[in-house]
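Assemble the whole structure, with the sequences as input and the hints as a guide.
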Amino acid sequence: MTEIKLKQVRKSYGTVKVLHGIDLTVGAGEFCVFVGPSGCGKSTLLRIIAGLDDVSSGTIEIDGETVNNVSASSRGLAMVFQSYALYPHMSVYKNMAFGLENSKMPKPEIDRRVREAAELLQITDYLDRRPKALSGGQRQRVAIGRAIVREPKAFLLDEPLSNLDAELRVTMRKELAALHAKIGDTMIYVTHDQTEAMTLADKIVVLQSGRIEQTGAPLDIYNNPQNVFVAGFIGSPRMNLIEATANQGAEGWTLTAPNMSVPIPNVDCLTDGAHCTFGIRPEHVSIATEGSGHTKAQVAFAEQLGGETYLYCDVEGSPQITVHQPGQLPIVKGQTLALNFALENMHLFDAYGQVIVNQVTR
Amino acid sequence: MAESTGSTWSIATVVTARRGQNGLHWSDVFSYIYLLFGVLLMFGPVIWLVMSSFKTPAGLIEFPPTFLPLGQIEVEVEGYDKPLLLFDVAMEDGSTKQLAQVRRIGIVSQMVDPENPAEIFKVPIDQRTKVREFRLATENYINPLERFNFLGFLKNSVIVTVIATLVTLLINSMAAYGLSIYEFRGRNAIMLFVIGTLMIPITVILVPVYLVVTQLGMINSLWAVILPGAATPTGVFLLRQYMLTIPKDLIEAARMDNASEWVIYSKVVVPLAMPAIAVLAIFSIMWRWNEFLWPLIVLNRSEVYTLQVGLNAFQGELDVQWHYILAMTVVTLIPVVVVFAFLQKFITTGIASSGMK
Numbered sequence: 001m002t003e004i005k006l007k008q009v010r011k012s013y014g015t016v017k018v019l020h021g022i023d024l025t026v027g028a029g030e031f032c033v034f035v036g037p038s039g040c041g042k043s044t045l046l047r048i049i050a051g052l053d054d055v056s057s058g059t060i061e062i063d064g065e066t067v068n069n070v071s072a073s074s075r076g077l078a079m080v081f082q083s084y085a086l087y088p089h090m091s092v093y094k095n096m097a098f099g100l101e102n103s104k105m106p107k108p109e110i111d112r113r114v115r116e117a118a119e120l121l122q123i124t125d126y127l128d129r130r131p132k133a134l135s136g137g138q139r140q141r142v143a144i145g146r147a148i149v150r151e152p153k154a155f156l157l158d159e160p161l162s163n164l165d166a167e168l169r170v171t172m173r174k175e176l177a178a179l180h181a182k183i184g185d186t187m188i189y190v191t192h193d194q195t196e197a198m199t200l201a202d203k204i205v206v207l208q209s210g211r212i213e214q215t216g217a218p219l220d221i222y223n224n225p226q227n228v229f230v231a232g233f234i235g236s237p238r239m240n241l242i243e244a245t246a247n248q249g250a251e252g253w254t255l256t257a258p259n260m261s262v263p264i265p266n267v268d269c270l271t272d273g274a275h276c277t278f279g280i281r282p283e284h285v286s287i288a289t290e291g292s293g294h295t296k297a298q299v300a301f302a303e304q305l306g307g308e309t310y311l312y313c314d315v316e317g318s319p320q321i322t323v324h325q326p327g328q329l330p331i332v333k334g335q336t337l338a339l340n341f342a343l344e345n346m347h348l349f350d351a352y353g354q355v356i357v358n359q360v361t362r
Numbered sequence: 001m002a003e004s005t006g007s008t009w010s011i012a013t014v015v016t017a018r019r020g021q022n023g024l025h026w027s028d029v030f031s032y033i034y035l036l037f038g039v040l041l042m043f044g045p046v047i048w049l050v051m052s053s054f055k056t057p058a059g060l061i062e063f064p065p066t067f068l069p070l071g072q073i074e075v076e077v078e079g080y081d082k083p084l085l086l087f088d089v090a091m092e093d094g095s096t097k098q099l100a101q102v103r104r105i106g107i108v109s110q111m112v113d114p115e116n117p118a119e120i121f122k123v124p125i126d127q128r129t130k131v132r133e134f135r136l137a138t139e140n141y142i143n144p145l146e147r148f149n150f151l152g153f154l155k156n157s158v159i160v161t162v163i164a165t166l167v168t169l170l171i172n173s174m175a176a177y178g179l180s181i182y183e184f185r186g187r188n189a190i191m192l193f194v195i196g197t198l199m200i201p202i203t204v205i206l207v208p209v210y211l212v213v214t215q216l217g218m219i220n221s222l223w224a225v226i227l228p229g230a231a232t233p234t235g236v237f238l239l240r241q242y243m244l245t246i247p248k249d250l251i252e253a254a255r256m257d258n259a260s261e262w263v264i265y266s267k268v269v270v271p272l273a274m275p276a277i278a279v280l281a282i283f284s285i286m287w288r289w290n291e292f293l294w295p296l297i298v299l300n301r302s303e304v305y306t307l308q309v310g311l312n313a314f315q316g317e318l319d320v321q322w323h324y325i326l327a328m329t330v331v332t333l334i335p336v337v338v339v340f341a342f343l344q345k346f347i348t349t350g351i352a353s354s355g356m357k
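As they're listed, the protein sequences go chains A and B.
The opening residue of the first sequence carries number 1 in this note's numbering; numbering runs sequentially from there.
The opening residue of the second sequence carries number 1 in this note's numbering; numbering runs sequentially from there.
No lab work stands behind these hints: they were computed from the structure.
Don't be surprised by glycine CBs; every beta carbon is placed ideally from N, CA and C.
It cannot be assumed that every hint is accurate.
[Stated by the list, open to error] Across the chosen pairs, the derived CB separations fall in these ranges: (1) B:THR348 with A:HIS89: 14 to 24 Å; (2) A:GLU61 with B:PHE193: 53 to 63 Å; (3) A:SER103 with B:LEU216: 35 to 45 Å; (4) B:SER260 with A:LYS174: 31 to 41 Å; (5) A:PRO106 with B:ALA189: 45 to 55 Å; (6) A:THR171 with B:ALA189: 47 to 57 Å; (7) B:GLN215 with A:HIS89: 40 to 50 Å; (8) A:ASP202 with B:PRO275: 40 to 50 Å.
[As the list claims (entries may be wrong)] Taking lysine-lysine pairs in the DSBU-like style, the calculated list, with each CA pair at most 35 Å apart, reads: (9) A:LYS94 with A:LYS153; (10) A:LYS107 with B:LYS345; (11) B:LYS97 with B:LYS130; (12) B:LYS267 with A:LYS94; (13) B:LYS130 with A:LYS132; (14) B:LYS267 with A:LYS132.
In structure tokens form, the structure reads like this:
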């Protein structure tokens with residue numbers, strides 16, 4: 001059980017700044033997921049924790065000990081690479097034993113650990129094979145096995161599932177979650193896939209352009225995004241984000257956007273005529289009876305998945321609105337619908353993209 | 001097509017492969033003529049060399065030359081000390097007789113019948129043809145190997161080639177490791193500098209290197225041949241370019257796996273760079289085996305001669321002993337041919353990847 005603490009970690013390559021002061025604590029036994037778009041610095045952050053890259057400034061602590069000047073091999077962490085990085089000239093057994101041999105562990109102990117890990121990951125049958133003779137999923141298991149045998153202080157996983165096909169990715173995701181439940185070690189997992197983040201994490205760290213946008217439990221981030229970026233990034237399909245103007249009328253506040261008008265209860269820190277953005281998740285948009293509703297939209301595209309239906313609706317002058325409804329709806333392309341936004345699930349952001357409220361309740 | 005996998009093809013199927021299902025297609029005829037031409041072009045000189053190496057000195061200077069090593073039959077004739085050469089002679093009466101030549105005077109040769117040595121015939125030289133048989137002049141091989149210590153030369157060459165190749169592989173792969181795996185300022189500048197030394201011909205540095213070798217007291221020892229050429233820019237370049245293609249993740253995975261730099265070098269990078277190392281090994285063997293100018297300069301005593309220098313000894317200022325040179329050339333060719341035969345797959349990939357041979 002290991003706690004990893006980052007304090008004001010900065011990293012720049014020449015004049016290009018990649019990380020701008022990251023403060024983060026990954027608790028012992030926690031499954032922490034770094035998520036963000038490509039180029040946001042999440043992999044760099046992981047490599048810094050691993051010791052493969054140096055920091056420009058700031059400190060990294062593992063169990064209270066500053067490890068800035070400790071080499072990657074001595075930090076006691078194990079890493080699973082996106083490409084798996086299995087040694088192609090060694091058998092699966094050798095691949096897993098390599099790290100242990102380097103630390104001069106007695107042979108019987110190596111053998112015991114490798115066989116135990118192989119058992120756990122169900123790769124015992126392939127121990128004599130070369131990585132070339134394995135499928136993607138099996139290689140993935142070997143890569144994880146190579147990390148497990150070392151009994152590291154923490155696991156670092158760099159987009160480990162991104163090279164697998166969709167079906168296998170779901171399976172491996174479940175297995176990873178089960179594995180974490182079983183061994184209970186601290187894990188840091190990097191991904192750009194917010195579904196993986198939501199399903200696996202105890203704690204999600206959303207990164208953008210080298211800054212932490214928000215840290216929190218998956219549902220907390222889902223329900224209470226702190227800014228427009230997090231709101232748009234977490235959740236699939238993404239949240240509808242509509243730029244609007246707040247107007248104070250005789251009957252209270254109204255958010256107006258082209259062809260759209262949403263009356264809302266009084267919200268603090270909103271000034272008359274202020275620019276703001278409101279966000280509403282697809283599942284919180286409902287279809288209203290004709291003549292009522294917050295807006296009128298034309299269905300541009302309908303996806304009937306059987307169990308659920310996605311509608312992509314055009315509103316003139318405003319961005320496309322995604323609607324998610326359970327069941328099968330008798331709606332066809334081109335149809336005009338009245339849409340209602342559930343105010344208790346509406347998020348309101350100010351002109352700078354920071355949250356004002358996460359539930360605009362009446 | 002299950003048969004089209006390489007392993008099930010015998011040499012016979014490949015050699016007799018043709019396009020026409022029944023009989024020969026015109027392209028089959030064309031292909032085989034072309035291939036035969038290629039074989040002749042490539043192997044003609046080599047086969048001629050091997051054949052000639054079995055000829056006697058007389059056979060070598062004969063005109064018109066013969067393809068097979070033929071020797072003229074000599075007979076002992078009573079009353080003559082030396083054996084005499086045997087000829088078929090067309091006699092004036094139209095019959096053909098085998099006579100031995102005693103001596104030749106201008107265009108007439110004096111000949112005797114071996115059965116009846118008392119009688120001397122005078123025969124115009126255009127009336128006689130040599131009586132020859134297929135005979136291998138194996139003394140071309142045996143004499144140099146016994147009398148001229150060619151086995152010693154062979155041993156020296158083997159020592160030089162093996163040790164120099166091992167040293168070359170070790171230090172070149174280490175240099176390549178440093179220049180490919182580590183990232184540091186000036187890495188490319190150093191690489192450029194290394195490649196730049198390729199442009200300096202050996203003749204330019206001959207004297208300075210000779211002076212260094214002399215100062216180190218290595219003249220007339222095999223180290224003088226082995227060490228100066230051990231670090232080759234071509235080798236460093238070849239290995240470095242190959243090592244650059246090894247995924248960086250593997251090196252980092254090894255670092256995470258607690259591997260020391262030596263372990264990363266010896267257990268990860270070198271095994272993965274084996275194809276390139278094999279290519280360099282082949283090149284190094286061929287370079288070292290055929291090296292002539294430098295050994296000629298630093299090896300002055302015949303005990304330390306390598307094969308190539310030893311071969312040169314047959315080439316006097318006035319007299320060239322072609323029969324020995326040819327025979328020993330064949331001997332020096334054998335190892336290179338063996339290397340080629342067994343490692344040709346690596347050689348072709350090596351040439352393809354490095355653009356040199």
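Mind checking the alpha carbons of LYS97 (chain B) and LYS130 (chain B) for me, to see if they're no more than 35 Å apart? Cα-Cα ~12 Å, so holds.
Could you see if the CB distance from PRO106 (chain A) to ALA189 (chain B) stays within 45 to 55 Å? Hint holds: Cβ distance 46 Å, inside 45 to 55 Å.
Going straight from one Cα to the other, do LYS267 (chain B) and LYS132 (chain A) come out at no more than 35 Å? Holds: LYS267 (chain B) and LYS132 (chain A) sit about 18 Å apart, inside 35 Å.
Given a hinted range of 40 to 50 Å, is it respected by the beta-carbon distance of ASP202 (chain A) and PRO275 (chain B)? Once the Cβ atoms are compared, 46 Å apart, the range 40 to 50 Å for PRO275 (chain B) and ASP202 (chain A) holds.
Range hint 31 to 41 Å: satisfied by the CB atoms of SER260 (chain B) and LYS174 (chain A)? holds, 38 Å
Holds or violated: are the alpha carbons of LYS107 (chain A) and LYS345 (chain B) at most 35 Å from each other? violated, 38 Å
Is it true that the C-beta distance of GLU61 (chain A) to PHE193 (chain B) lies inside 53 to 63 Å, as the hint says? Violated: the Cβ-Cβ distance is about 43 Å, outside 53 to 63 Å.
For the pair supplied as a hint, LYS130 (chain B) and LYS132 (chain A), confirm whether the alpha-carbon distance does not exceed 35 Å. violated, 68 Å
With respect to the beta-carbon atoms only, verify the hint that SER103 (chain A) and LEU216 (chain B) lie 35 to 45 Å apart. Hint holds: Cβ distance 43 Å, inside 35 to 45 Å.
Evaluate the given range 40 to 50 Å for the C-beta pair formed by GLN215 (chain B) and HIS89 (chain A). Taking Cβ atoms as reference, GLN215 (chain B) and HIS89 (chain A) lie about 44 Å apart, which means the hint holds.
Look at the Cβ atoms of THR348 (chain B) and HIS89 (chain A) and judge whether their distance stays inside 14 to 24 Å. holds, 22 Å
Taking 35 Å as the top limit, are the C-alpha atoms of LYS267 (chain B) and LYS94 (chain A) close enough? holds, 11 Å
Checked against the numbered hints listed earlier, the structure breaks hints 2, 10, 13; every other hint is satisfied.
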